[in-house]
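Undergrad: Take a look at the letters that make up each chain.
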Amino acid sequence: MFLVLLRREILAHLITFRFAVTVIACLLLVVITTLIRIDDYEKRLAGYNTARNANREELLSTRTYSLLMPRVDRPPNPLSIFNAGMDNRLGNTLRIYYTNVPVLWDAQTHSSGNIFIDHFYRIDLVFIFQFVLSLLALLFAYDAIAGERETGTMRLTMSHPVRRGSILTAKYLGAMMCLILPLIISFIIALLWIVSTGSIVFSGDDFLRIAGILLTSIIYLSAIYLIGLFISAWVHRTTTALMISLFVWVVLVLVYPSLSVSVVDQLIKPEGSRIDSSYDAMRQIRLAVNEKEVEYLNNDQIEGESDRFNLDGALARGLHVGIGNKPTLMRIDFKGYDWQYISSESEKFIPHAIRYHQFLTPLRIDAAEKMGLIRLPILEQLWFRRARIARNLLRLSPAAMYNLATQAWVGTDLYGVEDFFETARQYRRTLVNYFYDKDAFSSRQWFASDKGAIDLDDLPRFAYQRADLWTNASRALPDLQLLLLLNLTLFLATFAIFVRQEI
Amino acid sequence: MIFHIVKRELYDHLSSLRFALTTLLILILMIVNAITYLGEYKQRMGEYQKQVARSRSELKSRGSDLYRLTLKGPGRLYKKPSPLAFCADGGEKVLLGEVRGNTAGRTQRWQGGNTSHKFTEIWGLIYPPNTDLLFISEMIPGERSIMPAYIKIDWGFVTAILLSFMGILFTFDSISGEQERGTLRLMLANSISRNTVICGKFLSAFLAIATPFLIGVIVSTAIIYLSEVVQFKGIDWVRLGFIVCVALIYISIFIFLGLLISSRVKESSTSLAILLLIWMVWVVLMPNALGSLGNRLHSRPTAKEFTAQVRDAREDLQTRYFARIKEPPRRETPATIATALGAEYVNKDAELRDRLRADYLFAELRQIQTARSLTRISPAAVVQYAFEGLAGTGFPRHLDFISQTRQYAKQFRQFLIDTDRSDPESPHAVGIPEGTSQRPVNFDAVPKFEDQHRFSTDFNVVIVDLLLLILFLLVLFIGTFLSFLRMEIG
Chain A
1 MFLVLLRREI LAHLITFRFA VTVIACLLLV VITTLIRIDD YEKRLAGYNT ARNANREELL
61 STRTYSLLMP RVDRPPNPLS IFNAGMDNRL GNTLRIYYTN VPVLWDAQTH SSGNIFIDHF
121 YRIDLVFIFQ FVLSLLALLF AYDAIAGERE TGTMRLTMSH PVRRGSILTA KYLGAMMCLI
181 LPLIISFIIA LLWIVSTGSI VFSGDDFLRI AGILLTSIIY LSAIYLIGLF ISAWVHRTTT
241 ALMISLFVWV VLVLVYPSLS VSVVDQLIKP EGSRIDSSYD AMRQIRLAVN EKEVEYLNND
301 QIEGESDRFN LDGALARGLH VGIGNKPTLM RIDFKGYDWQ YISSESEKFI PHAIRYHQFL
361 TPLRIDAAEK MGLIRLPILE QLWFRRARIA RNLLRLSPAA MYNLATQAWV GTDLYGVEDF
421 FETARQYRRT LVNYFYDKDA FSSRQWFASD KGAIDLDDLP RFAYQRADLW TNASRALPDL
481 QLLLLLNLTL FLATFAIFVR QEI
Chain B
504 MIFHIVKREL YDHLSSLRFA LTTLLILILM IVNAITYLGE YKQRMGEYQK QVARSRSELK
564 SRGSDLYRLT LKGPGRLYKK PSPLAFCADG GEKVLLGEVR GNTAGRTQRW QGGNTSHKFT
624 EIWGLIYPPN TDLLFISEMI PGERSIMPAY IKIDWGFVTA ILLSFMGILF TFDSISGEQE
684 RGTLRLMLAN SISRNTVICG KFLSAFLAIA TPFLIGVIVS TAIIYLSEVV QFKGIDWVRL
744 GFIVCVALIY ISIFIFLGLL ISSRVKESST SLAILLLIWM VWVVLMPNAL GSLGNRLHSR
804 PTAKEFTAQV RDAREDLQTR YFARIKEPPR RETPATIATA LGAEYVNKDA ELRDRLRADY
864 LFAELRQIQT ARSLTRISPA AVVQYAFEGL AGTGFPRHLD FISQTRQYAK QFRQFLIDTD
924 RSDPESPHAV GIPEGTSQRP VNFDAVPKFE DQHRFSTDFN VVIVDLLLLI LFLLVLFIGT
984 FLSFLRMEIG
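Here the protein sequences line up with chains A and B, keeping their order. Numbering follows the working numbering, with no gaps: position 286 of the first sequence is 286. For the working numbering, count along the second sequence from 1 and bump the result up by 503.
Chain A with its partners taken away, still in its complex shape:
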């Protein structure tokens, strides 16, 4: 009997006009979206490759240790076709200074993308499913119970020896199968398209991630369908059920996500006083280093020298980064030198200069790490907190949960992007250790290349790997669980209403 019911439900959905129209529209949109996103990915990949080559060249032309400040780049995420997330909104190129612990805000963008456009126009596959298929789910659901009650077929069905639970389950499964069908076709079309272009290469893990996205999509559609079913069981007239469903859809999918984030953005402001106080703390650390520098210079044998040490010759490059007195957390202290030629008269100052760098550079590195310990948490407090509150508030809407969960699968969520900066911080440590191993501060090549440029063969290379599948899965899990919970609650609630109802 259950199978008969199920078959009837599926057939009833498949032959409807709304099903045909929605599926055709959905597939068309999927094709267009895939086209746009593949093109976008290819452009960004080309930008990444150019930037990486340029940076490697720049690195190889570095002649002294003190000027070693490699640029590292974040490759575009191939799965961003599914959910672009923050992938092209946040910085993707970052200079690693040994005197700065890098954070997300130190990064710049190497692409020729357009911030304004990336900010205002979002299109990806999840966006399509989130809107189009969820609407189809509601159109399936609104008359599932109310409609049958109105036409009287429900009574007819009930006259058979069939339990109400079976009727409800059959309805649910039938509709879900009809929803999953276009979803899977969309995935297949998108994947075929992506694979046939050849520019995007997915790893085995990526296919599992895509499976994760598919699973999340199914759970999301099921949640939306159950919302519709709940309304349909609860309300007596089909037209009322339809109106309520559509309003709920508009609110959950369109209005609430924007409303909640814009309210958080407006009401929770980062506190300027915290920037000032941490800037002061960081300034103290800087001043302490300066004091030690002055003290050191006063106590040594030679009077009145600058950090050029009366050296005479050709300074090919002298770099001093650091701006203004404006309270900012973004200040980086950095000094680099490249003496290409040093005259023989000033040769006698060289040991002195070496001792100076040997003394001061470790102090600068320590100071940078101390400042990093202030800077990281304060930026976390200022910006991440707001983003977290916004994300938590967003979770009242299943559409937002779906978006967040798929971002986590893809790795274009905030944490996925943060991974890159974590790797960059580790790389900075590696670089500093490399300096220590090479005894770089106490070498002449720290500041001068007149006796030959540094050998960069054994310089550790920056390698960024996206987080592994399990990390992605565990990040998607909270939202997935919430969606599942929502599903369960709605199903039970619908069941409770339906069982007690008089037909």
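Keep in mind that the hints were calculated from the coordinates and are not lab data. It cannot be assumed that every hint is accurate.
Below 20 angstroms or equal to it, Euclidean Cα-Cα: the simulated SDA-like pairs (lysine to any residue) are [to be verified]: (1) Lys621/B to Lys269/A; (2) Lys807/B to Arg164/A; (3) Lys951/B to Leu541/B; (4) Lys269/A to Leu541/B; (5) Lys269/A to Ala652/B; (6) Lys553/B to Glu58/A; (7) Lys43/A to Gly608/B; (8) Lys621/B to Glu601/B; (9) Lys769/B to Gly147/A; (10) Lys545/B to Pro270/A; (11) Lys269/A to Arg799/B; (12) Lys43/A to Gly147/A; (13) Lys807/B to Ile189/A; (14) Lys621/B to Leu315/A; (15) Lys807/B to Arg56/A; (16) Lys596/B to Ala54/A; (17) Lys621/B to Gly318/A; (18) Lys807/B to Ala46/A; (19) Lys269/A to Val535/B; (20) Lys807/B to Glu58/A; (21) Lys807/B to Thr62/A; (22) Lys596/B to Arg95/A; (23) Lys807/B to Leu864/B; (24) Lys510/B to Met690/B; (25) Lys769/B to Pro270/A; (26) Lys269/A to Lys510/B; (27) Lys43/A to Arg799/B; (28) Lys269/A to Tyr551/B; (29) Lys269/A to Ile649/B; (30) Lys596/B to Val250/A; (31) Lys269/A to Met504/B; (32) Lys621/B to Arg95/A; (33) Lys807/B to Leu315/A; (34) Lys269/A to Arg388/A; (35) Lys807/B to Ala54/A; (36) Lys43/A to Lys807/B.
Here's a subset of chain B near chain A, in silico, CB distances under 10 angstroms, partners left out [what the hints assert, rightly or not]: (37) Thr699; (38) Leu779; (39) Gln917; (40) Leu988.
For clarity, every value in this text was computed on a predicted model and none was experimentally measured. C-beta: ideal position from N, C-alpha, C; glycine also.
Keeping the supplied structure of chain A fixed, place chain B upon it in accordance with the hints.
TA: Just chain B now, with coordinates in the frame of chain A:
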């Protein structure tokens, strides 16, 4: 007779669930928007005033020395926030409202024989987001914002998304539903022309949607006006009036769309499915998909390429001029050839920088322009742009601000030259200290920048959008009438 039809239909609408839900939703959104806007405006305006005051005092601190003014320029120029940003936010956070007229003060060393001279670069306009600034992020929180992406809930959103949705909900069954029930036949059996029927249906749906919207408009304007945080000028009321008119035209478009589909399709449920899909694609998806194409169709150089381009061009200019300069500039009236050449070099260099930076900025703006032109296929995008234009926010305002700063830069340069000309003792080679007048400058005479909101400029931009909306309206209007007149009622 039409009055009776309108009355009957309107009564039906007003007592319906959809009307109650619509009114509630619109009111909630408009009130939340108004309340959050108060804090936002106070903060934006406060910041703007502080920034302008700081920039003024910096300009004053440059003192009365003409060369210092030539070197350092007018300082930072700021975009004035619009009081009507609650109607259309326009992404003010992403479009940085600041242009700098100052210098990094880099010097170029000229060497000839055993003499040498340092030429210091003078001020030029810098458009912050397009330069490769390391410390940009604190100044533009929007750019590196880690907040989840969202659309600002303003009048533009309420109109573009919600009112169009309402338009469909109120009309999808207005003809097909009556046909299903057979009441349409009954009505037409009386001596009523079909034109009257369709007009009646349009008017009633229009009133049913316009009423909650106008209530929302009045309530939210009242909240903002009575709080006295925002000062409205006379012209702002005109702008608001136009905004409401645009919204009403937009509502009509979707009512006609609904009537058109409803008269073509036999069943209400089919009509609804078709309308919802059209709405979703036309209103929600199309602007997003086409907008993303903006930076695909036009490419622009990356920040790195741009920096390299500027460096090469400047080096080229420098070699050409330095080859011609034979001696260091001296203070002498009339100016020596070297002094004149030196000043010319410094000025040409500033011009070159200005030109390249502007080209780069315009390449970026062209991408946005293209995105906006493409999205105009969707009336939802058109209505948003019209709102932005009328409210004096968003992209057209940004363009106007940029052009005002460029105008001002010219004026400032001219002022420097004129002041120098009025001094007979000066060598008249503005740009280098040796060639510039040493007579003190009166600070009050120095031109100051103030960003102006000009209604005529804003309105010129809006005309295109307005005409487009009217075009949409006319096409759908004619379509609906023809379709209904030729419809067979069974």
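Undergrad: Work down the list of hints and note, for each, if the structure agrees.
TA: Each hint tested on the structure:
1. Lys621/B to Lys269/A: Roughly 46 angstroms between the alpha carbons, so the hint for lysine 621/B and lysine 269/A is violated.
2. Lys807/B to Arg164/A: Roughly 67 angstroms separates the two Cα atoms, so the pair is violated.
3. Lys951/B to Leu541/B: violated (29 angstroms)
4. Lys269/A to Leu541/B: Since the Cα atoms of lysine 269/A and leucine 541/B sit roughly 15 angstroms apart, the hinted pair holds (cutoff 20 angstroms).
5. Lys269/A to Ala652/B: Between lysine 269/A and alanine 652/B the Cα gap is close to 17 angstroms, so the pair holds against 20 angstroms.
6. Lys553/B to Glu58/A: Roughly 42 angstroms separates the two Cα atoms, so the pair is violated.
7. Lys43/A to Gly608/B: Roughly 36 angstroms between the alpha carbons, so the hint for lysine 43/A and glycine 608/B is violated.
8. Lys621/B to Glu601/B: Status violated; Cα separation ~31 angstroms.
9. Lys769/B to Gly147/A: Roughly 19 angstroms between the alpha carbons, so the hint for lysine 769/B and glycine 147/A holds.
10. Lys545/B to Pro270/A: holds (16 angstroms)
11. Lys269/A to Arg799/B: violated (35 angstroms)
12. Lys43/A to Gly147/A: Violated, at about 50 angstroms.
13. Lys807/B to Ile189/A: Distance ~37 angstroms between lysine 807/B and isoleucine 189/A Cα, so the pair is violated.
14. Lys621/B to Leu315/A: holds (18 angstroms)
15. Lys807/B to Arg56/A: OK: lysine 807/B and arginine 56/A at ~14 angstroms, within 20 angstroms.
16. Lys596/B to Ala54/A: violated (32 angstroms)
17. Lys621/B to Gly318/A: holds (18 angstroms)
18. Lys807/B to Ala46/A: Holds. Lysine 807/B to alanine 46/A sits at ~14 angstroms (cutoff 20 angstroms).
19. Lys269/A to Val535/B: holds (17 angstroms)
20. Lys807/B to Glu58/A: holds (13 angstroms)
21. Lys807/B to Thr62/A: holds (18 angstroms)
22. Lys596/B to Arg95/A: violated (26 angstroms)
23. Lys807/B to Leu864/B: Cα-Cα ~14 angstroms, so holds.
24. Lys510/B to Met690/B: Holds, at roughly 14 angstroms.
25. Lys769/B to Pro270/A: Between lysine 769/B and proline 270/A the Cα gap is close to 57 angstroms, so the pair fails against 20 angstroms, i.e. violated.
26. Lys269/A to Lys510/B: Not satisfied, since the Cα-Cα distance of roughly 50 angstroms exceeds 20 angstroms.
27. Lys43/A to Arg799/B: Distance ~9 angstroms between lysine 43/A and arginine 799/B Cα, so the pair holds.
28. Lys269/A to Tyr551/B: Given pair lysine 269/A, tyrosine 551/B holds - Cα atoms ~17 angstroms apart, limit 20 angstroms.
29. Lys269/A to Ile649/B: Given pair lysine 269/A, isoleucine 649/B holds - Cα atoms ~14 angstroms apart, limit 20 angstroms.
30. Lys596/B to Val250/A: Violated, because 26 angstroms separates the two Cα atoms, which is more than 20 angstroms.
31. Lys269/A to Met504/B: Violated, at about 58 angstroms.
32. Lys621/B to Arg95/A: violated (31 angstroms)
33. Lys807/B to Leu315/A: violated (25 angstroms)
34. Lys269/A to Arg388/A: Within the cut-off at roughly 13 angstroms; holds.
35. Lys807/B to Ala54/A: With Cα atoms ~10 angstroms apart, lysine 807/B and alanine 54/A stay inside 20 angstroms; holds.
36. Lys43/A to Lys807/B: The hint holds at about 16 angstroms.
37. Thr699: violated (26 angstroms)
38. Leu779: It holds, given that the least Cβ distance between leucine 779/B and chain A is near 6 angstroms, below 10 angstroms.
39. Gln917: This hint is violated: glutamine 917/B lies away from chain A, its Cβ roughly 31 angstroms from the closest one there, beyond 10 angstroms.
40. Leu988: violated (25 angstroms)
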